[in-house]
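> These are the residues of each chain, in order.
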Amino acid sequence: MFKYLLAKNEDIPAGSAAVFFGFSSIIWFVIGTGLGSFNAAKLAFPDFVTGNIYFAFGHMRQVHVMAVIFGWISMAFAMAMMYITPALGNSKLWSEKLGLWNCLFWNVGLALGLTVLWAGITSGREYSDFPWPIDLYLAVFVFIPLATNVWMTVLTRKTQGIYTTNWFFIAAVFMVIIVFLVGNSPEFFHLTGLTEAYLTWWFAHNVLGLWITPVAAAIAYYTVPKVTGNPLYSHRIGHLHFWSVVVFYSTPAAHHLMSAPLPEWLKSFASVEGVLILVPAIAFVSNIMLTMRGKWYMFVENIEIRFTITGCLMAIPLNMQGGFQQTRAINWYIHGTGWIVAHAHLALLGFSTFLEGAAVYLGLQTIMRRKLYSLTLANLHFWMLLIGFTIYWVSMTIAGLIQGAGKIYEVPYIDVVIAEHPYMIARWIGGTLVFVGNILWLYNMWMTARVGTVVPAGRMPHELSYER
Amino acid sequence: MAGFREYKIGSRIFALAFGGSMCITLLLPSINIASVSSTDVALAKQLAIGHETGFNLDDPLMQGKNKPLVVALKADPKTGQPLAQAMTVYVYQPGTSFPAGILHPRILGAGIEELSVQQGHIGDAKKDTGAVFAISKGKFEGKDHSFIEDLTTSKGWTTSDVLKVAKDEDVSHSGKGKTMFVREGCWWCHTLLPEQTQDWQVFGAPPMLGDFNGESPTAFGSDRKAPDLMHVGSRNSSKEWMMMHFFNPRLVQPHSIMPRFDYLWGEKDADGTPINFAKWRSDYDDYREGKSVSAPDVPSYAKDSEIRSLIDFMLSLK
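Protein sequence lines, in the order shown, are assigned to chains L and X.
The first sequence runs 94 to 561 under the numbering used here.
The second sequence runs -2 to 315 under the numbering used here.
The reader is advised that the hints may include incorrect statements.
Said to hold, decoys possible - Stretch by stretch, here's where chain L covers chain X in the computed footprint (C-beta under 8 Å, at least three residues): (1) 7 to 15; (2) 28 to 35; (3) 42 to 52; (4) 125 to 131; (5) 173 to 183; (6) 197 to 206; (7) 305 to 313.
Source of the hints: derived by calculation from the structure; they are not laboratory data.
For glycine and all other residues, C-beta sits at the position ideal for the given N, C-alpha and C.
Starting from the given sequences, assemble the full structure and let the hints guide the process.
Encoded structure:
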């Protein structure tokens, strides 16, 4: 990769940036889930590595969160954009060179930001934990170059229209820049009080709603038709999905602070808008499920389809939870409990990760023109992710309900801690399964690059049988 | 270049939809929140905690620099005579940044702003020479308000005068303590927000709209794995309990899953003797395994240690 950084743009093989991003994202996934497993061990066994400032839970929790959001998920998105955007425009990526530098700056900036966070140097704001110089760096050297490349690739496309996936891509790369600059403004301009508290959750909500959710869905709009060979069921439902994301998903930020002293109109408004999140969710899931018509055998036989459809199916409980748990009727019970932690992992490790996993599997095989090294390892990876996640989600949901009950029955807090202990151990086991699965994935993709069977031009990797 | 020719209408609708959503979620709430007046809690909190507690250029390594001291003043700093009633003053030593309410009195709210500027003279406070603030009571347009008074201007009390008459036990490092609270990530498990619906009985009253003016970060916390701390100082004001609990929470609560924060003691204890952590831990392990009858003593902390400020902050959360 590095030898192309200073090469002329036209000398760089197409797809280099996507490969660089793809492997970077897998490595960050291994690091991020490894940290998650380590943190979970501390909650289950409090005397495991304790009394050491460099491995303190309070220093490492945010490193796990930021590594998976801005390392794994966002870099997998960039990887998908680098190969899907030109493929859908029947053109080449506007600048492979910009893409390579983008990825290099991204890795350097993220490594720097996580190191600083690990040392305890933080803005003290959840999800926008990075100190403001790192936020500015990420906006200028990560998201603006990414947006430039995606926009220019769409502008220089050779097709008449723009396909659904690309609407989402160009809108999301624009919105994430706005979210980054506005959401961190309390740090840039020293805004205080409720403004700071509200903007913290405005950022947290919108980085999920206007970046992670729409881009993950956009990836499914590409992978399912591409791999099954079926056309997208409905372009119109895609329209409904897109516009309802922009209108409904960008407004409910205040529902994260339902039990905090914010103006009541703002909380009520956010709560109603929050239920309307079901509109894009139902549009998306039904559109993808109907696209699968006649090809459901691929859900069993094809690894990319299995990942994508599992992710889409997880969007159903995700949005049912998301739409209703933020209403006042339910929020008072589960606010601030492990239920929310389970929900956040359903969004990021369930729904979103399975969709991106498919994009990275498919993309790396397609660009490198190598068939997957081992389908067995990929199956193992799938099941370790799914079982590990399920253990995590079930145990944290139960723990959350225990906490909620403890809250309303005014149980001494230590009894809640004691009751949660078995679920903390289960959460650690689930997280560790995910981590080990990801190590297998990294090995599998590395071996694919080295010794995978060559895929002839014009064929899909899954159309080839294994020769070994 | 295919461009966006055929997407003219779509781009305009996008601008309208996204812009409208930003207007409702950013512009209207900021107008509303900006009109909220500070409560007494907000005045006291911002004076005690100072300018910024997250990453900032005055304290880039988050060591608790650039923070005020809170002094329970019992004697007149000029004459040395005992005061009829002890008062709380907030000492900003020379070079310490002032909180948002002093820099931008507008955020204090109607009435409080005018009183603080006209009677409190907060506009005359100088960062270079330092200032001593207190919360006073006054009337503006017939209404009672608390306001911030700059005692350095109104009474001529300098920071060194005040610190000279104050004993160490009367000085609270709660501002530095909040830096420790943010840096050590206490707020990942302990919330600072009793909920409006359920927490009255156990964790005390939920905060009011105006309780946060001037505070940054508010560090509400979202993932409660441990008791809320907003009023912890009212429930438990024992320094000794706090000390044992921070050194090793399982000394006082065997089922606690809180990490040990013994590293905040630093190298030396209150007498300047180096703390032997390795020996303490092996003694503690013997105790835990039943080989010895009592747990080893927790070393008492030095006056300027990080743990002192964190405990001061805990006790300030009334």
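> Look at each hint and say if it fits the structure.
Okay, the hints, checked on the actual structure:
Only residues whose C-beta sits within less than 8 Å of a C-beta in chain L count toward coverage, and the segment 7 to 15 of chain X has 4 of them, enough to reach three; the restraint holds. Coverage of the segment 28 to 35 of chain X by chain L holds in this model, with 4 residues showing a Cβ closer than 8 Å to a Cβ of that chain against a need of three. A stretch counts as covered by a chain when three or more of its residues have a beta carbon under 8 Å from one of that chain; for the segment 42 to 52 of chain X and chain L the count is 6, and the coverage holds. Here the segment 125 to 131 of chain X counts 0 residues with a CB under 8 Å from a CB of chain L, which misses the bar of 3, and the coverage is violated.
Figure legend: the segment 173 to 183 of chain X, annotated as covered by chain L; annotation consistent (5 residues with Cβ-Cβ distances under 8 Å, at least 3 required). With 6 residues carrying a beta carbon less than 8 Å from a beta carbon of chain L, the segment 197 to 206 of chain X meets the three-residue requirement, and the given coverage holds. Look at the segment 305 to 313 of chain X against chain L: 0 of its residues bring a Cβ nearer than 8 Å to a Cβ of that chain, fewer than three, so the hint is violated.
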